[in-house]
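Sequence lines, in order, name chains B and E.
Heads up: the first sequence begins at 1 in the UniProt record's numbering, then just goes up one per residue.
Heads up: the second sequence begins at 1 in the UniProt record's numbering, then just goes up one per residue.
To be clear, the hints were calculated from the coordinates, so they are not data collected in a lab.
Since the structure is predicted, the reported quantities are computational estimates derived from the model, not experimental observations.
Be aware that a few hints might be false.
[What the hints assert, rightly or not] A few chain B residues facing chain E, derived, Cβ under 8 Å:
1. L59
2. L371
3. Q374
4. R439
5. Y440
6. R442
7. P461
8. V462
Note that beta-carbon positions come from the ideal geometry of N, C-alpha and C, so glycine has one too.
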Amino acid sequence: MNSSRHPDFRILAGLGALAFITLLIGGAFAGLIAEGAGNLSGAYAAFDSYLLRVARFTLWQAMVSTVLSVVPALFVARALSRHPQFPGRGLILHLFAVPLALPAIVVALGVLALYGRAGYFAGIMSAVSGDEWPGIYGLSGILVAHVFFNLPLATRLFLETLNTIPADQWRLASQLGMGARSAFRLIEWPALRAGLPGTAGLVFMLCITSFTIVLTLGGGPRATTLEVAIYQSLRFDFDPARAVVLTLLQIMLTMAVISVLMRLGADTAGDTGLSVAPRRFGAAGIGETMLNGALILTALLFVAGPMLATIIAGLDADLARLAGEASVQKAALTSIVLALLSASLSVVLATALVMARRVFAMRRGNGRKTLAEQATDTGAGFVLVIPPIVVGAGWFMALRHFTDVLAMAPAMVVTVNAVMAMPFAIRAIRPAYDAASERYERLCAQLGLTGWNRIRLLDWPVLCRPLSTAFAFAMALSLGDLGVIALFGSDSVQTLPYLLLARMGSYRTADAAGLALVLGLLCLALILLAGRLGKETPR
Amino acid sequence: MNQPRQPGSAVELRDVSFDYEETRMRFDLRIEAGAITTIMGPSGSGKSTLLNLIAGFETPQSGRVLIGTEDMTDMPPSARPVSMVFQENNLFAHLTVAQNVGLGRSPALRLSESDRLAVTEALTRTGLAGKEGRLPRELSGGERQRVALARALVRNRPVLLLDEPFASLGPALREDMVDLVAALHAEHGMTVVFVTHQPEDARRIAGNMVFLDNGTIAATGNTAEFFGKDGPPAFRNYIGLEANAAPTRDVARKRT
Chain B
1 MNSSRHPDFR ILAGLGALAF ITLLIGGAFA GLIAEGAGNL SGAYAAFDSY LLRVARFTLW
61 QAMVSTVLSV VPALFVARAL SRHPQFPGRG LILHLFAVPL ALPAIVVALG VLALYGRAGY
121 FAGIMSAVSG DEWPGIYGLS GILVAHVFFN LPLATRLFLE TLNTIPADQW RLASQLGMGA
181 RSAFRLIEWP ALRAGLPGTA GLVFMLCITS FTIVLTLGGG PRATTLEVAI YQSLRFDFDP
241 ARAVVLTLLQ IMLTMAVISV LMRLGADTAG DTGLSVAPRR FGAAGIGETM LNGALILTAL
301 LFVAGPMLAT IIAGLDADLA RLAGEASVQK AALTSIVLAL LSASLSVVLA TALVMARRVF
361 AMRRGNGRKT LAEQATDTGA GFVLVIPPIV VGAGWFMALR HFTDVLAMAP AMVVTVNAVM
421 AMPFAIRAIR PAYDAASERY ERLCAQLGLT GWNRIRLLDW PVLCRPLSTA FAFAMALSLG
481 DLGVIALFGS DSVQTLPYLL LARMGSYRTA DAAGLALVLG LLCLALILLA GRLGKETPR
Chain E
1 MNQPRQPGSA VELRDVSFDY EETRMRFDLR IEAGAITTIM GPSGSGKSTL LNLIAGFETP
61 QSGRVLIGTE DMTDMPPSAR PVSMVFQENN LFAHLTVAQN VGLGRSPALR LSESDRLAVT
121 EALTRTGLAG KEGRLPRELS GGERQRVALA RALVRNRPVL LLDEPFASLG PALREDMVDL
181 VAALHAEHGM TVVFVTHQPE DARRIAGNMV FLDNGTIAAT GNTAEFFGKD GPPAFRNYIG
241 LEANAAPTRD VARKRT
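With the rest of the complex left out, here is chain B (with noise of 0.2 Å):
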């Protein structure tokens, strides 16, 4: 269709989205280079033994998380994926599924519950070691939670990969009598071979990023990453120079890996969908099947555990009371009316660029993309590469020299939430937009309904669902996060998750874990809801 000579309001909205984009990403990178350049020697400063100590323990966490989570996650999915009859293998699935839910914080505190000090699991240890169990903090710590995020995600990733393999294989294998070693060496490790790297390399992208988790965790200068040192050095050394040789030096890492992910076909925004197809093939024999049973029940436990233990640590806590203070209130109300804006933003800057690029697409025809068209295409996606604190940290720098930074809270909050959910949302609504735009882009234009008169009758019939998942996503997004929130909150802005860092931070553990359960199913609830509304297709 060409009708370039005609304006279309979907181009101005797809550029207002990118401008904003734009305005967020680069006013932090230019609060970064003012605060470099104005201080040029405390930024050469801070390349000393400290930063490099920084640098090698983020790579080095990011390293051994994703060899703990990816090595094993091969072996449970191929497990899962011989015995597609294994009691509660579908309850076993949805379960993997959680983690990736949950937010940061309320996994940190689960995997304390139960492996901490005073832990559910200090009185088993102490028996057996005869010392007083230390509890897990520091480098153990961030591991265990770093694997127990992404070893369910490995393997759902994993058994994907398993289920494409074309049953005929497996007839044939059968046929040819292959063992279960043959079968793996020929078969299915070939299939996971591939999708090896881009798993592997998301796990790593994931670990190396990770804030919340080292933060609560890591306990000590000992075991701190990038991320955590930026915190600290805005928060509690008030080192900008040192603020910004962190912050450059994150950002070329995750570039880094960004690129080399990309070489790989690997998928960044992640994948929450698995259609889980058992399919049946010449039977595992007893040794295997007790193997593999030990391997899944192991798995089971592992990542069944923290969340058993934030339920029952949750449960334990004076929940009434914790419902009747003043400050637990105010931080809900807070953290619902900014994951609510947050979601809304995110939303529309979604649809914004989802109809520009359309819009751009069709009056291409099979010319070249435009730079536009990229911008509003995979460009949206690259805001992934920039992690939330990096842009925060930019604006806290920026912002100090205006205004008083803490103020700022929630406009931080809810733009940079909102765009760090805007991939997905995109996910979520692009297919839809694109189809209905297909059926009804001619018909559009000869009744001449454009404008509000398109969305009314139009969009906003055929988007419904796909924007509630989306909304549902981005709101589970923004009211788990403790990023922007740890560098601008203060006493009179806090959302839950803020609250919930303070009362870990005074020893009222008690309460801080039964935050966490209310914030763990608020946040499962919301993307439950999502995933329910984007499975069933309208009609």
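Starting from the known structure of chain B, arrange chain E on it as the hints suggest.
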């Protein structure tokens, strides 16, 4: 119909050129005001492109498109005095029959009393009385195209373009629909441009004929003469009337 009869306008394509991928199209054509003109031709010969150029869904690379006496080349589709019925997707699936027709009167769907009356009349005229509240999925394929015709009626534009609207209907139903178009034309006198693959449709609706081949106008004239012994050989060849008919050239894929 309680509205002034809008007489048909002539449609003229002056030296219009339009290239799409490897297909080059050149159209120089005048379509008679208030008549029915059937467009036929092999797949890929440019029938749909011709209608899209008139309706404004495509913009020519050079040349002008005139409707009546006015130059329409740079007008957006909604500003042209044209209604078009497509082969499919004429209706919004989530809107009722009455709403889909009402959109022809107001893109904001804010309808006055007289608009509502016109919608009801048009639905009665097209045999859809009593189905105002249905959704498109509750209608048959033929009924859906009747709704599209009803909307064209309430829009009351001087030119009606029909892009193979009955292609997916069975023969008996197609005859009914062609008769309905002929009757509406007799009542309203708009210019009708009818693209079809079916020689029977063309014969039934009579009027003028434009035969396209390979992106150009191969022949024009009276439909009855086209089907007579002295019809253009290329056309007779295409519909298989020529004794020593060459193998059909209808192999190119249709661009939709």
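Hints versus structure:
no.	hint	result
1	L59	50 Å, violated
2	L371	23 Å, violated
3	Q374	23 Å, violated
4	R439	5 Å, holds
5	Y440	7 Å, holds
6	R442	6 Å, holds
7	P461	4 Å, holds
8	V462	7 Å, holds
Consistency with the previously given hints fails for numbers 1, 2, 3, ordered from lowest to highest.
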